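Student: Dock chain B against the given chain A, drawing on the hints supplied.
Taken in sequence, the protein lines are chains A and B.
Per the working numbering, residue 1 is the first one in the first sequence, and the count goes up by one each step.
Per the working numbering, residue 1 is the first one in the second sequence, and the count goes up by one each step.
I should point out that these hints are in silico values taken from the structure, not numbers from a laboratory.
Values in this document were obtained by computation on a predicted structure and should not be read as measured data.
Even for Gly, the Cβ is constructed at its ideal location relative to N, Cα and C.
Watch out, some of these pointers could steer you wrong.
A few chain A residues facing chain B, derived, Cβ under 10 Å [to be verified]: (1) Gly82; (2) Pro90; (3) Val95; (4) Trp146.
Each chain, letter by letter, is given below.
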Amino acid sequence: MTTRDVLFALLALLTGASAVLSVTSRQVVHAALWLVTALGALAGCYLVLGAEVVALVQVLVYVGAIVVLVLFALMLTRAPIGRSAEVDNPLLARVAAAVVAVVGAGLLATLLLAVVGGRTVVVDATGTDQARSAAQPLARSLFGSWVLPFELLSLLLLAALVAALVLSRAAGRSESSSSIDSLDVGRRPR
Amino acid sequence: MHLWPAVLLACVLVGAGLYGVLARRNAVLVLIGLELLLNAANLLLVTFDAAYADRLHGGQVLTLFVVTVAAAEIGVALAVVLLLFRRRGDVDLLAADHLGEPNDVEASTDVRPLTDEAAR
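Isolated chain A, as found in the complex (with noise of 0.2 Å):
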């Protein structure tokens, strides 16, 4: 048991509270807000488990980015404020979704815990000035051998981009014109 095995249990039970919390909230800017504590967790986790430079990307784009993109969301929806109901499906629905969660978490438990089993590993000092060294191994991959898929991914990005603006334009124009109605299903076969 050593202080990393401390840490990240603590930052793990964090993280998984406030994951469970961000599902069963019934109050939808809690769940975004448990979402942002539940990430910002995870990012600690990653910062123990020696991944300096995933730790950043996720406080950057995950807690920075997308979540203050799902708070716009919600509000722009007009998202109920206080406690709602209408947020869930109804009991039997969430009763069977809590069943396929259990089993499927299970199942994956039971697999990945007979694959790692007592396994322990050793993560480089973290914190030190070795922690630059950290950084430059993942630089150099992720510039040499990676670089292929990562010029690809700012493709994906463009691609993203270009459609998110087409979608919100559409909603603009009047409604013969915009994009859903040309995939209409209900028109006119010939």
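Tutor: Below, chain B without anything else, positioned relative to chain A:
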């Protein structure tokens, strides 16, 4: 450090994400569940990257890629959700069960299903 807490946390995240996707009715909250699922995958990637000390750092690089894809996905998904809201006035996934809504009643009764046309 031991690996099993990280693996267990990933399983908890998968469970929470699955529940969020399946049990929520508000489209934005379904997306929150989706983010949790993606983060479970990320945590497993980082964990096994540390476990196997990959020389190419495949786990960490793939995690960065997944984060980028998640950002692209959430951008497009939220644009779709906003479009749904503007056309329907809510983002209730139980109510939005018909593609191409809102259809006027005349059009939906006038047009026969495609299967009828194909049968002729």
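Student: Evaluate each hint against the coordinates.
Tutor: Taking the hints in turn, this is what the structure says about them:
1. Taking 10 Å as the C-beta contact cut-off toward chain B, the hint placing Gly82 of chain A at the interface is violated, the least distance being around 14 Å.
2. With a cut of 10 Å, the hint placing Pro90 of chain A at the interface with chain B holds, because the nearest CB-to-CB distance is about 8 Å.
3. At about 9 Å, the closest approach between the beta carbon of Val95 of chain A and any beta carbon in chain B falls short of 10 Å, and the interface hint on this residue holds.
4. Because the beta carbon of Trp146 of chain A sits about 5 Å from the nearest beta carbon in chain B, less than 10 Å, this interface hint is met.
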